[in-house]
Amino acid sequence: MTEPGPIVIIGAGHNGLACAAYLARAGRQVRVLEAADQVGGAAVTRAFAPGFKVSAVAHLLMQLDPAIERELRLSSHGLALARSGLATVALASERAPLVLRGGEVLAGDLPQADRAALPGFHATLRKFAGFIARQHGRVPPRLAFDSWRRALPAAAVGFDLRRLGQRDMREFLRIATLNIHDVLEDNFEDPLLKAALAIDGVLGARLGPRSGNSVYNALYRLSGGGASALPRGGMGSVSAALAAAARAAGARIECGTEVREILVREGRACGVVTAAGAEIPAACVVSNADPRTSLLRLLGARHLEAEFARRVQHVRSAGYAAKLHLALGALPQFRGLEPSRLGERLVIAPSLDYIEQAFNPAKYGEFSPQPLLEVTIPSIHDADLAPAGRHVLSAIVQYAPYELRGGWEARRAEFQAAIMAVLERHAPGIGALVQHAELLTPVDIEREFRIGGGHWHHGELALDQFMMLRPVPGAAQYQTPVPGLYLCGAGCHPGGGVMGSAGRNAARVILEEH
Amino acid sequence: MPPPAVARDHFHQAVLATPFHARTAALNQLNLWHRWRDHTVADAYFDVGMEYNAIRNSCAVFDLSPMTKHLITGPDALAYMNRLVTRDVAKIKPGRVGYCLWCDEAGQVIDDGTIFHLRESVYRLCSQERQLDWLMASKLGFDVGIVEETNDVAGLAVQGPTSCAVLKALGLAGIETLAPFALRTWPFAGTELTVSRTGYTGDLGYELWIDPAHALALWDALFEAGREHGIRAIGTMALEMSRIEAGFIQAGVDFLPADRAVRVDRTRSPFELDLGRLVDFSKPNFTGRRALLAERERGSRYRLVRLDIEGNKVAKDAYIYDHRRRHIGVTTSFMWSPAAKASIALASVAMPWGRPGDELYAEIYYQKELKWSRFMARCRVVEGAFYDPARRRATPALDR
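Protein chains in written order, with my numbering: chain A, 1 to 514; chain B, 1001 to 1400.
The following block holds chain B by itself, in its conformation from the complex:
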């Protein structure tokens, strides 16, 4: 394997700051931080509820610079991407973004992410987990260049009903015509600003990508533009709320990345994560295809379900039972949803349970003033997102 293109000296520092750290640190009144891969990021700045409200009611800004990014280029870039992921990458045209996942040969999901088709034969793959090892291992026989560029691209998620208006005020002419999962560049302060209409909130929103040297200038201009539109920096806690409401899964939470699993049966296939639509068997080859074909024949072991849970208690790490009180699964993500006005959860249950209309129960333990109680809450299987506003997809986007 050739040496990495860029020698890095990150190991001198235990934790890195993101290119926006000077601004996020100044705003972080709670001084709440956690580590996302190599970087420190804010859990919350001032009040999680208010930050959540910014996502749903005005404009929220989230520093997603630590997102793992790889640039994949070369004559075989498309062929390579198509062998890597389960969906047909040929359908993601230049200027488009596609959600995807990739599996090992047992058909178990390693990670999910987004493919940015920047230009002909140039793809950026974004994922939560580090993937260089897997990407390099998959490279044999393909004429592609693979560069880890996590630290070379700064990213901000700008999400919420006024996000389009904010970006318009920032000077991104025509931003309202950018369709969901589309990608476009604008000149910005002497550099290039790439904007994709993507996000992890299930709302109208964008992700902004820029050279880290211009990161602070972007932040300042953005907050200036958003002053009249309720702009607010948000941490991961508020983002987490919106992603559960949107029904999105997260690696390490709703599924265990297959390359990290030690025990059998701990991993999940795309079908078992309710992402069968991302598996395209019309492609003659991709890693995991044979195993997934066999699974389609044989049937899956698990099903990911979205549950609307009776009552107002959060079904934290709750066992799920069938109508005969047999243990059939567990919740993996859970919250009280302000938007749905319900206790909601993502859960993994054994097949065949989890069909709409199935009678399921969540075993919830909760305490009031140190006294613990148990509650068997009836669950309703919900199809699709818990919260799915029309503005999320509307084009031209809401820009006032």
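Just chain A, with the same shape it has in the complex:
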């Protein structure tokens, strides 16, 4: 029952672009409407000071779906890596940094027992993450088994789980819901090592190391294999390559066109209205926006049944991570760190308790006075990002609750000073190198990138919001209750991170129906 007109995709985030590319390759007429003046959404490279460019939200590429890279031939559309296989450098002020790559210890002092345990621990997590990764490319199963055909996807997940083997399946089921603090305490002694591993469990989430779901978050981050990379030209180059692939396949991408409303006639999504008031008819509408924005703001709860609308409203999607960008006059020096390691992924969190204590105030609407940081200096690998001799520093900072007491406008400078104090402790003199600084709080991320709540993943990655529960039951297979309206963003399975799988899976569902 396809209506005439193109498939309209709201938002040219990387998932929207991936979806557009697949739909266009299958011969569908596709129009992508993007409110910003460039494609990419939160996977974007943009200037923040004259001559300085940075990946504005996501800054490390860890999970880009290899199937998408291959099928859309992203390298031929310009995607290249400036650096891959970044090591993690855990900084501590009173001791030498610990340098890790996967299960390997490249430098640093570790007790022999930890050194011996790390490879096995990492291999086990990799194996479990592999199970999660195998689900990324699938449309989540339905829990209503009204036919054999519909029960098969769930059976496939069960089969995958069983394939881990009895011992590992049991261990996976044991730790998947645990908190990462307990799991790390069971396996390791060294505080810096435990903190470095725990960061993966809490980054981007409203979780401390002692919160449930932190193991799941760590596994999720590992699901791309665990290696992180810096795309040449910043994260925007991933989006640019996806856009090029989509355009090459015939999709039309229009930037600077904000969608105000999804049009519904006789219960069916049949087009969109732009902010300028133009009505664009569509065969179907696909939204790359977060679920709440898509369903409650652009569509409107009145087109949904009450309980469904309420479930969407209750998706946990308040961001707790901020982003700091510094334009530096020269490379900073971190205490005890060889200059050759400055281009790795630097993390600042000396112990599990440091992270937990950073999280504590966030529970009560306060930012962390001593935040944890994930720092990259991408200009070391990619000279185009900064003027010659100068550099950009990009840091993810936690915790920065979306709903801050007193509001972000009033307290932005205070938080920025707190972050700079932490940086100064680890890299004395860094403050003097700063020529320009930009702090993106969750509120800024919400405003600039149009993500309700400013959560990079469009909603917490947690077991109660994953697979057939993501974003909510009734919309977890990319269809929504409104015929002709689909979701394709990070709010859907498999979730956030620059991955593209949600867009690819959504395209598969849409192609079955249109």
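What the hints contain is simulated information worked out from the structure, not anything from laboratory work.
From the three backbone atoms N, C-alpha and C, an ideal C-beta is built for every residue, glycine too.
Only part of the chain B face toward chain A is listed, based on derived beta-carbon distances under 7 angstroms:
hint: 1; residue: 1079
hint: 2; residue: 1138
hint: 3; residue: 1140
One side of the interface only, derived from the structure: several residues of chain A facing chain B at Cβ under 8 angstroms:
hint: 4; residue: 266
hint: 5; residue: 267
hint: 6; residue: 296
hint: 7; residue: 301
hint: 8; residue: 302
hint: 9; residue: 306
hint: 10; residue: 308
hint: 11; residue: 309
hint: 12; residue: 481
Using the hints, position chain B against chain A.
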């Protein structure tokens, strides 16, 4: 969620009295009371049979003040009501009342009630069950005000063949022209009296709505006006008899409100309550629509039937059997009907049974002088009400 508009201090008291309590208490010779939500109301005053007779033969007055009432206002009031209930509220014009029900997203009935379209964009929703939680949960995305006004409006049902004459004698000029499910206001003792031609008896009757401060004045004037018309206060027991004869269902009795059900399969859809006529699929969206569409495709699980049961024994909580003595359902409301001169019941039976002409049996247990006996009574499926006098719908109404 914003705080309630009015802070109430009802929790100091375990049970509230209705605005008419001073009069109902004085009349309650049996001292029989029960609790209806927060309020105490009379089961019966003097004799249930005589109270029932007032409904069918003269004029019965029932205090329905504890009825849950919500006022829904604002620019999105119609859109909101239409998403809430299964029927098309646009067809209920100002000055009209409509019977309706609302479902959860599984298409299971939460409650039934009446929508009073008081003025443009102002609706009063009356229901037996408390609904504020559900109404507020359904509010997301609608510009509406929702106020619980149960205690702000006193209500009396005035029912029976002489009810119109009584109201005429009360001074409500032109009351006889008020059509069924119509609503009108009259000035009364310095305030406004709202009268709807509605009721729960299946007879000619009205419901009167007034500011509680004027409740006793209304009661006194009404009984004065009805003196020559056989007016009588009635309790819930007599009302219950008339509602079963009318074939009306009651929440918690004939169906379990979906928001209270714990077990699957205990709830019922509108189709399963014989209220499919209240489901309007031409509306593009209402809560439960998708599930009800699927049910229409797939078929329902149950059917509500009205049964005329052989013999004179009441089929209390009786199992229903098919012609091969397979258990297929149970009675939910039952009585000896004075008007139909028959043992009657509402029952819920599994599909496909309950078609007119089906051979059904009710298993009735009864005792005489402490000796129990069992009787398999043949049942006949009745379509429509057990008792449906023409005066119920006649307009102008019988006013003498």
